[in-house]
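Number of protein chains: 2
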Amino acid sequence: MKRTLVDALSSKVGQEVLLKGWIHQIKNFGKFAFLILRDKSGVVQLILEDLEILKELKLEASVEVKGEAKENQKAPGGLEVQVQNIKIVGKTYYDLLPFSINQKDIKASLETQLDHRTISLRRPSKRAVFKVQAEIEEAFRIYLREKGFTEIHTPKIISSGTEGGSELFTVNYFDHRAFLAQSPQFYKQMMVGAGFEAVYEVGHAYRAELHNTWRHLNEYVSLDAEMGFIEDENDLMDLEEGFIRFLFEHLKSNCQKELSILGVKLEKVNEIPRIPLKEVQNILLEEYHKKSPVGNIDAEGEILLSKYIKENYHSDFVFITKYPASKRPMYTMPDDQMDGMTKSFDLIYKGLEITTGGQRIHDYEMLKNNMIRFGVNPEDFEFYLNTFKYGMPPHGGFAIGLERLTMKVLDLDNIREATLFPRDLNRIEP
Amino acid sequence: MKRTLVDALSSKVGQEVLLKGWIHQIKNFGKFAFLILRDKSGVVQLILEDLEILKELKLEASVEVKGEAKENQKAPGGLEVQVQNIKIVGKTYYDLLPFSINQKDIKASLETQLDHRTISLRRPSKRAVFKVQAEIEEAFRIYLREKGFTEIHTPKIISSGTEGGSELFTVNYFDHRAFLAQSPQFYKQMMVGAGFEAVYEVGHAYRAELHNTWRHLNEYVSLDAEMGFIEDENDLMDLEEGFIRFLFEHLKSNCQKELSILGVKLEKVNEIPRIPLKEVQNILLEEYHKKSPVGNIDAEGEILLSKYIKENYHSDFVFITKYPASKRPMYTMPDDQMDGMTKSFDLIYKGLEITTGGQRIHDYEMLKNNMIRFGVNPEDFEFYLNTFKYGMPPHGGFAIGLERLTMKVLDLDNIREATLFPRDLNRIEP
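Residue numbers (our numbering), protein chains in the order written: chain A, 1 to 430; chain B, 1 to 430.
Here chain A stands alone, though its shape is the one from the complex (with noise of 0.2 Å):
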């Protein structure tokens, strides 16, 4: 017999199916008991009257159940499942769940969760996150694909850091040192300029940052994306703006389940407001007498900007334009209508920095001659600079972190409740 989804039972009612799943609760009135079976679609009722099972059964064992799909508005779901035959197929073998998954708070910190990730993820709540995370670097590839982007994937061992020296885990390649790749930032440029054009990169990026805050890990998911022949900047911004209205749109249609059950309602993304730093900081210090560092916003800036442009733009999303050269890295694209600036930005959502792009230098002198003054040396990012002699077009990116824009579309508050296997100061494991 084929089994069924808990969640296509409504069409089974009178026949008798197969249900295979986890035991998520069990309630033993003597002569009868109901457990609750659940599944990756959800939750069921079964009706248990033979309870020799019982005396092996506990909380969370793997089953396998035959009986028959019946009507009953009372049950949880209005179905239930009268049991016929139900077999242990996955043993259990301890004497307290390390939490409890069945209640409705879950009464353990977020490290004890952690530690027990397994466990902490069979809470149907924990586990929408990442079926909603799935769906969001779908959307981004659908998205891309449509306009003709190519996927690609880069080599994450690398023999010289793309934004410095700092930051970067060593890695013992062979007789060599190496480093894990901070970004996929120098290879997804040198394949615009091979031809593809456009390109996007789902994959892991590395960042040995001291930092042990709720929006920091030190390896996570990044969302590249890199396109040739722009005109500026603004495409760049045209581009990532279209995605997010196709995200929510992709979300609202592909995540109902896993968006009501963790009680987000998606608003509508209006126009996403474009505003260049300097202003950015004044606004910061007339409205909210907040100070900020030089050439940048802080943190505190970023929450308090997100509230200022809530309640004047209704967006939840801001784009921060045009960045002085000194604080964005050497391959930056100078503005040349403002003196010292550069065709750069970052979008800020919910008052969290969820990108940051810009438009790149695509000649070879302009980029050796400010890559020595950045005090880089040339002969060591040779590779890369080579790519530039052969009529590299205009060209330009941006990268999304995964976990966070999951974080704050879904009003988490720790980027680890974002993450399978979070790596961070303190957590190599599990």
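Errors might be hidden in some of the hints.
Given that identical chains are not distinguished, each listed pair holds provided it fits within a single copy or across any two copies.
Keeping only pairs whose Cα atoms sit at most 30 Å apart, straight-line, the calculated DSSO-like set for lysine-lysine is [said to hold, decoys possible]:
1. Lys31 <-> Lys268
2. Lys147 <-> Lys265
3. Lys389 <-> Lys131
4. Lys147 <-> Lys131
5. Lys257 <-> Lys278
6. Lys147 <-> Lys252
7. Lys131 <-> Lys257
8. Lys104 <-> Lys265
9. Lys350 <-> Lys74
10. Lys327 <-> Lys290
11. Lys290 <-> Lys310
12. Lys257 <-> Lys147
13. Lys147 <-> Lys87
14. Lys126 <-> Lys368
15. Lys147 <-> Lys66
16. Lys70 <-> Lys12
17. Lys87 <-> Lys310
18. Lys87 <-> Lys368
19. Lys27 <-> Lys389
Just so you know, these hints were derived from the structure itself, not from any lab.
For this one, chain A is given, so just place chain B on it according to the hints.
Positioned in the frame of chain A, the structure of chain B alone reads:
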């Protein structure tokens, strides 16, 4: 004006168009010149009458061209563009190209091509490989999503190896020694047990193997799948066989142009034979006087077996089943009908192993005992083993090497041709 891609020109005959791309060829006839323009979609002939620009125009410069699209049966593709205006947007800075891009053959060794990856990929035939590769992984996702699998990302920085301690790259993770994951094996099993039931991952895997052959990479992309509530390993082979069939249909529909550039004709996928290892070894001995190593076949054996299967089963694929327990990892499910054997398999495709898979042990005690039997300390893998205390269902999966599959689908000679930036014993650049 909106840009027109070369492959969309035929619908613009008689109109003014804007093209963007690279100068693929220059033929100067004195009073006029033919330029061949190349973009990501193809090449087209331009007729240039104002030859002024030729003073500074070199091969591979990137340009923007305005002109009128015309039919001309003598032009390649039956179309040409009469140039009204041409502008260099990406300058060249070279005396000689490292090798020619517009000739029929590339007169450079593979190593030289890899040294100049962004130049070698400008050849449409080299780039076509990666368009096909992108579609292979897209097919993998489409196929598994449709079957209710969830995409996951598991950590690549890990505290202990999955298959034992050798062949691991070490990472300096703050004050700890960590490793790069050889495979997502443990984590994908844990995610099945966490309630996702069926998961897949497309991600990097790392092997510090000292092999430097045509079929080994030290960093590669693994297409991993794992599913719960299976009957036995045949469910997994059914799943993979279904994928292979779907893949070939997908490539025929989505990569016609690339397959034609590469001169590849995809054959129909017939039923894939499933033959126990012992029988395979007998076939090799009887048909080819080929002796095999204990509990496996070697690289020459894989080639001979594929020859035999092609002649006798008309299949490019063959599953080898029932490997001995001593030759498979400690988590492999023993075969209850064949003493000492396991419910495992490899998939051989045109003489090369592209997959290892099998049913895994799901019982806590059995797994723990097997670890001890294999000389593995269960305490070293506590985070993994713990998962099995809480009702782990019967499960299994497989992994496909993306570059190996790409190489064999396209009949390439070396796996590095199917890798944008290969990492091997001698190469960590570009």
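Each hint, compared with the structure:
1. Lys31 <-> Lys268: Classified as neither; 53 Å inside a copy, 59 Å across copies.
2. Lys147 <-> Lys265: both (28 Å within a copy, 27 Å between copies)
3. Lys389 <-> Lys131: between (44 Å within a copy, 25 Å between copies)
4. Lys147 <-> Lys131: This pair counts as both: shortest intra-copy Cα distance 25 Å, inter-copy 14 Å.
5. Lys257 <-> Lys278: Answer is neither: 42 Å inside a copy and 49 Å across each miss the 30 Å cutoff.
6. Lys147 <-> Lys252: Both, since 21 Å and 21 Å are each at most 30 Å.
7. Lys131 <-> Lys257: Intra 10 Å, inter 35 Å, cutoff 30 Å: intra-copy only.
8. Lys104 <-> Lys265: within (20 Å within a copy, 57 Å between copies)
9. Lys350 <-> Lys74: neither (41 Å within a copy, 59 Å between copies)
10. Lys327 <-> Lys290: within (20 Å within a copy, 65 Å between copies)
11. Lys290 <-> Lys310: within (18 Å within a copy, 73 Å between copies)
12. Lys257 <-> Lys147: Result: close both inside a copy and across copies, 29 Å intra and 18 Å inter.
13. Lys147 <-> Lys87: Between. Shortest inter-copy distance 25 Å satisfies the 30 Å Cα cut-off; intra-copy 50 Å does not.
14. Lys126 <-> Lys368: Close across copies (28 Å), not inside one copy (48 Å); limit 30 Å.
15. Lys147 <-> Lys66: between (48 Å within a copy, 22 Å between copies)
16. Lys70 <-> Lys12: So Lys70 and Lys12 pass the 30 Å test inside one copy only (8 Å; across, 62 Å).
17. Lys87 <-> Lys310: neither (54 Å within a copy, 43 Å between copies)
18. Lys87 <-> Lys368: Answer is between: at 23 Å across copies they meet the 30 Å cutoff, but 69 Å inside does not.
19. Lys27 <-> Lys389: between (73 Å within a copy, 22 Å between copies)
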